[in-house]
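> Heads up: the protein sequence lines correspond to chains A and B, in order. At position 113 of the first sequence (counting the first as 1) the number is 1118 in the working numbering, and the numbers step up by one without a gap. At position 260 of the second sequence (counting the first as 1) the number is 1588 in the working numbering, and the numbers step up by one without a gap.
I should point out that these hints are in silico values taken from the structure, not numbers from a laboratory. Quantities reported herein were computed from a predicted structural model and do not represent experimental measurements. Every residue gets a Cβ at the ideal spot worked out from N, C-alpha and C, and that includes glycine. It is possible that part of the hints are untrue.
Ranges between beta-carbon positions, derived for each pair [what the hints assert, rightly or not]:
1) B:Tyr1571 - A:Lys1142: 53 to 59 Å
2) B:Phe1345 - A:Asn1078: 55 to 61 Å
3) A:Asp1225 - B:Glu1527: 29 to 35 Å
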Amino acid sequence: MIDKNEKSTIIRMFHVHKNYGSKKALSNINLDVSKNEFLFITGPSGAGKSTLLKLLYLGEPVSEGQILIDGMNLSRIPRKRISFLRQKLGIIFQDYKLIPTKTVFDNVALVLEAMGKKKQFVQKKVNSVLRMVGMEKRFNAMPQSLSGGEQQRIAVARAVVGMPKIILADEPTGSLDPESAGAVFDLLKEFHARGATILVATHDQELIRKTGCRAIYLKDGCQVLK
Amino acid sequence: MIFFFKRAFQDIRTNSFLSAVTIITIFLSVLIVSTLVLFFLNTNDYMNSWKKGIKIIAYLKPDIVETNLVDIKNKIHGLYGVAEAEFISKEEAMKRLREQMKRQSSLLNGFKENPLPDAFEIRLTEQFSNSERIENLAVQIEALPEIDDVEYGRRWIGRFIKLFDLFRLTGYAMSGIFFMAAVFIVANTIRLVIYSRREEIEIMRLIGATDRFIKTPFYIEAVIQGALGGIIGLAALFAAYIYISINVEQSLSFDLLHVRFFSLRLSGAIILCSMLVGWLGCFISLRQFLKE
């Protein structure tokens, strides 16, 4: 029997450990994230914030423990099914990870094309998302011709275009000026308002204080404060 | 599929330098292997034409009357492996001998009677190339009551056929080795291409692209590059063939030096092989890369 609380949990981490050789990156992480929650993962550099997100999108395997995402046990997902898990997630990387040889439009469209969506749908959806992030006029630009803030907006557009249930953002405002950072954060809030569950790894305490959302604090790979 | 083709062409345009390197690698591999195959093919033709020249001479007993000749010819014709049996009278044999001896033919004037016997010159079918089979046939012919003796260059035929088989085997082996070498060279070139695009592949995987979605355009690219490399390689070889045909053949005006080019079907097969080389190279590289 699943209780009401259990039903609304979309991410669950049980006693998760991550080691790189003898170095412990994460120790005994236990975390429940509810549907449509906006959660911050914070802590100093090297605390394990990015590692925690990597475990969620299977960028790295866990060393010990279990992770459940939307009912899927990540330890039991065969290699071939990892892509289907990632299609359910929208990931915003700290270094944007845009493909330098593809235009803004193609970078965003790639997510839908990988899902096998039809050309007309892709065009319509990508244009609408680019309009949402205010980049519709730069659809034909190459990523290297964009500023950091613009690239991050494209990264956000790419993360949300597939309408994922969960958005994982790794330091989405870390390398941006306050104005661009504000714009990107507003976008995340907008997608949260539309029903997405959002996990943001950041060391920006001011941002967390302003939003008043739940945050977990990591230090040396350990969860110190909820 | 149209989407994957579009992506493949787009990728070729975007990575034009590395695509050119792959095409040039395939072109050189095809050129080397095709030159080798063409050489073996032409040499094989010459050896086959020599092989067609292999014949058995069956000498008739001196007391054979002319009326029996048709009967003997039919008997010889009835044996397996005989393509043609031509009667050479002793007068004809003497005439040929005189022609062969040219200036020394006066030596033959000393004979009061023609010492040469009547004979049958027997040509063998093309498939009849085994020295043991030729020997068996010679024994069968010699066993005919009207035949006195047979002659067929036992030693040199054996050696020639062994040499011919060795040559053909060497041809197959070398073509096979060069084909393998071409696959590995192309695989390494494609690996470089994939390595240069590892960031793009990694990003695609992170945003949820399946292996099939990532691999398919690479395979299409490799097959297109293989086809282009093959066509350019064959065109270069054809240009060299035309040059040799016009300059070398004419200046030597030598019938033996007539070189033939690949038939359309064989040219198509070579282009298909070069596409296969591209596909195999891509398969080897991608399998390793996506496992990592």
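> Give a verdict on every hint.
Structure-based check of each hint:
Between B:Tyr1571 and A:Lys1142 the beta carbons are some 57 Å apart, a value that agrees with the proposed interval 53 to 59 Å. With their beta carbons about 45 Å apart, B:Phe1345 and A:Asn1078 fall outside the hinted range of 55 to 61 Å. Between A:Asp1225 and B:Glu1527 the CB atoms are about 31 Å apart, so this pair conforms to the stated range of 29 to 35 Å.
Hint check: a violation occurs at hint 2 only; the rest are consistent with the structure.
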